[in-house]
Every structure is written in C-alpha cells, then in structure tokens.
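Residue numbers (the numbering used here): 1 to 357.
Mixed in with the good hints there might be a few duds.
Pairs of lysine to any residue, SDA-like flavour, derived with a Cα cap of 20 Å [claimed, not checked]:
| no. | residue 1 | residue 2 |
| --- | --- | --- |
| 1 | Lys291 | Ala324 |
| 2 | Lys289 | Leu248 |
| 3 | Lys330 | Asp297 |
| 4 | Lys155 | Glu14 |
With beta-carbon atoms standing in for the labels, derived distance ranges [as the list claims (entries may be wrong)]:
| no. | residue 1 | residue 2 | range |
| --- | --- | --- | --- |
| 5 | His285 | Pro138 | 47 to 53 Å |
| 6 | Ala25 | Lys157 | 18 to 24 Å |
| 7 | Glu14 | Thr217 | 22 to 28 Å |
| 8 | Ser202 | Leu143 | 18 to 24 Å |
| 9 | Gly98 | Lys263 | 46 to 52 Å |
| 10 | Gly16 | Asn125 | 34 to 40 Å |
| 11 | Ala325 | Asp230 | 18 to 24 Å |
| 12 | Leu20 | Ala281 | 29 to 35 Å |
| 13 | Arg15 | Gly174 | 21 to 27 Å |
Derived by calculation from the structure, the hints in this document are not laboratory data. Don't be surprised by glycine CBs; every beta carbon is placed ideally from N, CA and C.
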Amino acid sequence: MSISNGNLSEITVERGEPTLVPPAAEDTNNKGTLYFLSNLDINFQGKARTVYCFNPSDHNGGGHGDGEVLVEVIKNALSKALVHYYPVAGRLAVDSDGRPVVDCTGEGAVFVEAKADCGIEEIGNDTVAMEKLVYDTPDAKRLLEVPPLTAQVTKFKNGGFVLGICVNHFVFDGVSAMDFINHWGEIARGFPLKVSPFLDRSILRARNPPQIEFPHTEFSQIEDISNTSDLYTEEMVYESFSFDLDKLEKLKMAATKDGGLVKCSTFEALSAFIWRSRTQALKLHHDQKIKLLLVVDGRSRFDPPLPEHYFGNGVVFTSAHSTAAELTEKPLSFAVELVREAIQRVTDRYMTAGVTV
1 MSISNGNLSE ITVERGEPTL VPPAAEDTNN KGTLYFLSNL DINFQGKART
51 VYCFNPSDHN GGGHGDGEVL VEVIKNALSK ALVHYYPVAG RLAVDSDGRP
101 VVDCTGEGAV FVEAKADCGI EEIGNDTVAM EKLVYDTPDA KRLLEVPPLT
151 AQVTKFKNGG FVLGICVNHF VFDGVSAMDF INHWGEIARG FPLKVSPFLD
201 RSILRARNPP QIEFPHTEFS QIEDISNTSD LYTEEMVYES FSFDLDKLEK
251 LKMAATKDGG LVKCSTFEAL SAFIWRSRTQ ALKLHHDQKI KLLLVVDGRS
301 RFDPPLPEHY FGNGVVFTSA HSTAAELTEK PLSFAVELVR EAIQRVTDRY
351 MTAGVTV
C-alpha cells in the first residue's frame, strides 16, 4: 500500500496476515459468559485509533533491539495482559433483549506485523500515513463486528517501531484504554501487574424504573437551515494545528482580556476557540442553532466515585448551545462561559440520569 506523505517521498508499509493473540491462560469462570455493557458504553459507538512511536534508543537498551524478538515480547505481554482483561479477548454480540454485550469467547486480540521502507522520522504528522500504521479490520461491516482490540507493530529501517492500536469504543474509553496499554507495557518490561482492573460494569446499570431528572440536550437534533450537509459532498482536507505552551497562554489571555472572565482552563479556551473558529469558517445563517458536543470524564464526579482502574466507559456527553450570530459576534469569553457551564452541568445526578437515557 502506498502512502502520500506531504512533501516527503512516497513510502510503503507492507502488512502480514492478521493473527489472533489469545490470553496466556484460559479463564474457565468467564469463558462463554456475556459481559454486561452499560448505557455509557453503548452511547459511545465508534472506533478509536492511536499510534505510539518508539525510536531505536527507546527500546534497544532493554535488550529487545532485534525486531523479531521485539515483536514476540509485545505479543507475549499482550497475551498475559488479556488474562486480566478477559473481555478484550471476546467479541461483540447482542443478548436476548437486543442489547450489545461482549461474548467472552477468549479467542483473542487481533495482531498484525508490518514493515515500512523508511525511517520512523519520515512519518511526521501525516494523517494518511498514520492510518496505515493501524489495522482497521476491513471486513467489519458494522461496529458489532469490530474486535475490542487490534494491534499492529510496524518496524522501520532504522530500528524504530510504531504500535498502532484500534479499540472498539463499546469496550474502552480513553482512560481505560491507557490503563490497559500501561499494564501491557509493564508486563513487557517484566514487571508484575500492580493493580488489577475493576471489571464489573453493572455498577452503572440503569435505574428501574427510569428517572430522568435532566433534559439531555446533547442527544437532540438541530435543524440545519444553513445546508451544511452540502459541505460533506466536497473533498475533505486534513490538517494538523500545533498549540504550544506559548500559544495556549496567549489564547487564555485573549479569552479574559475583555474582563468577562478572571481566568479559564486550557481546555475551556481551546474548545471555545475551535468552536468559534469553525462557526466563522462555515459562514452559517445568523439564526442557525449550533451545538458543541463535549466529553467529560465522570469517574471522579459520580457519588461515590467509580472505583480506581474502572474498566469501561466512564465518560459522558454534555453540550454547549448558541446561535451562529451570538457565538461569532460576541467575544471569545462568551464561548468560554458556554463551555464552562456545560462542564459544570456534569454532576452525579446529571450522569445518573444519562445512564438511564
């Protein structure tokens, strides 16, 4: 497969056939069971892809300089990690009530070895190139057919390698995915698992009967009076924008210079800035209602908080609302306030109602 990498010469990534990495030990207690997914899990329907780049100096010192040895270390560590995260070795299914669940088949995670014809430093931030470093189960026609985890190890000519991960959002959110990857890395370095994941998602089972105390406008549809859907028929261009610490500080100063705010967080300022900039670029009808969908980690906001190392989706949606005219004509501090109010809305009662929705 060929990759266009901006001004760089074309590079090639050659993938081997995908294989399965099963758990190192069979879980007789859970094999064949159906693993419960909460409404928070089901709300997040999609895939998340990440890449982790390692220069030769990052791993040669650990005695794994040889590429083949390196791959075996990663595979063996994955197999051992799956013992502690047995649902990751299963497959998505639907129970008798029509709810998505994980069928704990124990068949394993999908693993792919690949080789690139260049040095790792040539990849840069090219989005198209990055996509070739993550195996994306091309035969899957719907989300339920996407395995919980696929991993691709791509070796580069200079000895560097990239670990590309694709996870099914039904099974992981960002926090639990990083927990899994950190535990996987600890095992690869020869360390025992210090803390076991908390796997019981039934603590987020919906209330019966349902009690919906808050209007969850994040799920509401907005009428498109600006015909923005026509934009998606055109060719889309991907671009990366880097905000270093200096730019972020200037952005926060811009958000507070009109006196409407004393201070704001980096997340509030950047989210508001992107929302406002996108709205300006789209040239929406001035009466167009607009919504910014935000994801908030609810682990510490539940009462009591979710257990440490809770494995599952502990994040919830919230949203900020305005009109195109208000957002673009008022100062940046106005947008920051809307973002802040949306985040502050995420309380235990709000999230508990969201679990029920």
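Results of checking the hints against the structure:
no., hint, result
1, Lys291 <-> Ala324, "holds, 10 Å"
2, Lys289 <-> Leu248, "violated, 28 Å"
3, Lys330 <-> Asp297, "violated, 29 Å"
4, Lys155 <-> Glu14, "holds, 10 Å"
5, His285 <-> Pro138: 47 to 53 Å, "violated, 39 Å"
6, Ala25 <-> Lys157: 18 to 24 Å, "violated, 37 Å"
7, Glu14 <-> Thr217: 22 to 28 Å, "violated, 48 Å"
8, Ser202 <-> Leu143: 18 to 24 Å, "holds, 22 Å"
9, Gly98 <-> Lys263: 46 to 52 Å, "holds, 48 Å"
10, Gly16 <-> Asn125: 34 to 40 Å, "violated, 26 Å"
11, Ala325 <-> Asp230: 18 to 24 Å, "holds, 21 Å"
12, Leu20 <-> Ala281: 29 to 35 Å, "violated, 45 Å"
13, Arg15 <-> Gly174: 21 to 27 Å, "holds, 26 Å"
This entry does not satisfy hints 2, 3, 5, 6, 7, 10 and 12, going by the numbered hints stated previously.
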